[in-house]
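K.L.:
Take a look at the letters that make up each chain.
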Amino acid sequence: MNDMRKLLSSAFPPPEDEPQPRDVVGPAMEWGDRRRRRDWTLTAAAAVMVLAIGAGAAALGTGSGSTSATGSDPLAPRTPRSFPLDGPGTAGTELCNIQNPPTSGGASDYCTAFNEAQNFDTAFAQGSAPYIQAALPPGFTVQGTGNHALILTGPGGTNYLFPSVTFASTLDGQAPACRTPPEGCVQTSTAGGSVVVQGGPSGGQSAGYVKDQLKDPRITITIGIKGSGTLGGIQPPTAGQLLTNEQLLRITGNAAFVQYATTQWAHYLDLENRLRVMTPPSATGSTAHPPYGTVPTSISAGDTVNWPTRSSDWQSSGPGSSDSQSSGSQPSGPGSSASGSSGPGSSGSQSSLSTAGSGN
Amino acid sequence: MRTLKSPPARGGPAEAREQFREYAVGAQPHLRRSAYLLCGDWHTAEDLVQTTFGRLFRSWPRVLRADSVDAYARTVLFRAYLDLKKKDRRTVALEDAPEPAARRDDAELRLAVRSALDTLPPRARAVVVLRFWEDLTVEQTADALGVSTGTVKSQTARAIAILRQRLGAAVGELIHD
Chain A
1 MNDMRKLLSS AFPPPEDEPQ PRDVVGPAME WGDRRRRRDW TLTAAAAVMV LAIGAGAAAL
61 GTGSGSTSAT GSDPLAPRTP RSFPLDGPGT AGTELCNIQN PPTSGGASDY CTAFNEAQNF
121 DTAFAQGSAP YIQAALPPGF TVQGTGNHAL ILTGPGGTNY LFPSVTFAST LDGQAPACRT
181 PPEGCVQTST AGGSVVVQGG PSGGQSAGYV KDQLKDPRIT ITIGIKGSGT LGGIQPPTAG
241 QLLTNEQLLR ITGNAAFVQY ATTQWAHYLD LENRLRVMTP PSATGSTAHP PYGTVPTSIS
301 AGDTVNWPTR SSDWQSSGPG SSDSQSSGSQ PSGPGSSASG SSGPGSSGSQ SSLSTAGSGN
Chain B
1 MRTLKSPPAR GGPAEAREQF REYAVGAQPH LRRSAYLLCG DWHTAEDLVQ TTFGRLFRSW
61 PRVLRADSVD AYARTVLFRA YLDLKKKDRR TVALEDAPEP AARRDDAELR LAVRSALDTL
121 PPRARAVVVL RFWEDLTVEQ TADALGVSTG TVKSQTARAI AILRQRLGAA VGELIHD
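Protein chains in written order, with the numbering used here: chain A, 1 to 360; chain B, 1 to 177.
Hints were generated in silico from the structure; no laboratory data involved.
Treat the hints with caution; some may be incorrect.
[Unchecked claim] Just so you have them, the derived chain B footprint on chain A, three or more residues with Cβ under 8 Å: (1) 3-17; (2) 22-30.
[As the list claims (entries may be wrong)] In silico lysine-lysine, BS3-like type, Cα no more than 30 Å apart, as pairs: (3) K6/A to K153/B; (4) K85/B to K6/A; (5) K86/B to K6/A; (6) K153/B to K85/B.
[Claimed, not checked] Derived CB-CB ranges, DEER-like: (7) G232/A to D135/B: 21 to 27 Å; (8) L249/A to G40/B: 34 to 40 Å; (9) P236/A to K153/B: 25 to 31 Å; (10) R65/B to D3/A: 36 to 42 Å; (11) A256/A to P61/B: 23 to 29 Å.
From the three backbone atoms N, C-alpha and C, an ideal C-beta is built for every residue, glycine too.
The shape of chain A in the complex, shown without the other chains (with noise of 0.2 Å):
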């Protein structure tokens, strides 16, 4: 064995012949530090999780919309919002957004509707800014970056935070929404003791389950929190997670950030019931179309190029606002499901609290 072990010293140069050693102890911590802030945040964000999905177990078993974004990255490139009667490649997706934009008439104020609801995830965020703001522990700061994000800043470094609002994933802690009844579905007068229909309770005597047209006032605010990758043209976070989960929840129960997500959800859900009723642009000019879901075989995909937004009319208005655009359309109805599958809940995914802030 001893010959071995001088057969195998052979095998290195002469003393004087090695190389001096790098300094591979100081970048090894770095990365070890690095990777640990990582762990660390992957950590909380898979018991917040838990949380989440505990808390909205009942919803996804039944097809609730509400909860069924968990799982994507809120670092990925934002999906515009899929309202609950466009199918892929719908008339508002083609037209809203070719070279030369409807500029006046029915079919402008429906791209103007149609963009800013498009626009929604974007513009809740930055409007949620100074509430957050007004929430955050002193030392902190928080600023906009015309995104989905807000950058915090505090004394370690920069995280992103993904401020987002949606329906209500539990009524009085039950799903609000099912589509097997009896079974997983609430009674509404467990929900709320009268039927709850057109975004409140009616006034009438409970008298049923609760269904997926359900539209209750009541929403979910989210703040997702990362302290690792990178959005792209942002400037990556710097530090670990900078917010305990308990001050993530004092801010999302602050009183003025939930009057704020109210208003502003409230004014997406009428985006939506405008939309319905609206006449959609035709590729022509015209505005004779087809009916939702008709996919216009004149306009390419490639044709599409960003369309302004105008969510900066409502995205600054303050506590207790009420939104001028709220419009008296009558809603036909509540979103459905499919419109949470791409919507903000899906920000809190990689770490995220959410509580029920109560509209009315």
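Please build the complex by placing chain B on the supplied structure of chain A, with the hints as guidance.
P.N.:
Chain B in isolation, oriented as in the chain A frame:
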């Protein structure tokens, strides 16, 4: 190989960092030389040591709970090497391996040994270094590499046969299990 028992964990994060740094600075020369025997060049050896230290530091509190930090580090190093070789499956065909060394002066012997080591498959090379450089038993070697003792024995026999063939009879006499 030194067989240091794990030092007790000290204080808070700052102390832990300092403790890790002290350990790493002390362990680096030996790990570096072991890594050199594994890969045959200093640059890659230092990359392996850096990888090893990074993984150790990432889990430093857990590492400190191990029976021996040195054994833990050795395992990480050798597995990092095998991971590296999995990604880089360059092999040297036996017919392309250098001829047995004709002369035994230091420089030529060094080149011959290094060339012979280069002909070994990664796992067999790791077994040779662990068994004959680190002086580990078959069982310890199996534990470090996460393989069975039978695998260690067969890899050892295979490696020695190749080294004998490559290094020639004179040097080959030095090689015995």
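K.L.:
For every hint, state whether the structure bears it out.
P.N.:
Hint by hint, here is what the structure shows:
1. 3-17: holds (count 11)
2. 22-30: holds (count 6)
3. K6/A to K153/B: Holds - the C-alpha atoms of K153/B and K6/A are around 21 Å apart, at most 30 Å.
4. K85/B to K6/A: 26 Å, holds
5. K86/B to K6/A: Roughly 29 Å separates the two Cα atoms, so the pair holds.
6. K153/B to K85/B: 21 Å, holds
7. G232/A to D135/B: 21 to 27 Å: Violated, since G232/A and D135/B (Cβ atoms, about 53 Å apart) do not stay within the stated range.
8. L249/A to G40/B: 34 to 40 Å: Given about 55 Å between the Cβ atoms, the range is violated.
9. P236/A to K153/B: 25 to 31 Å: 50 Å, violated
10. R65/B to D3/A: 36 to 42 Å: 38 Å, holds
11. A256/A to P61/B: 23 to 29 Å: 41 Å, violated
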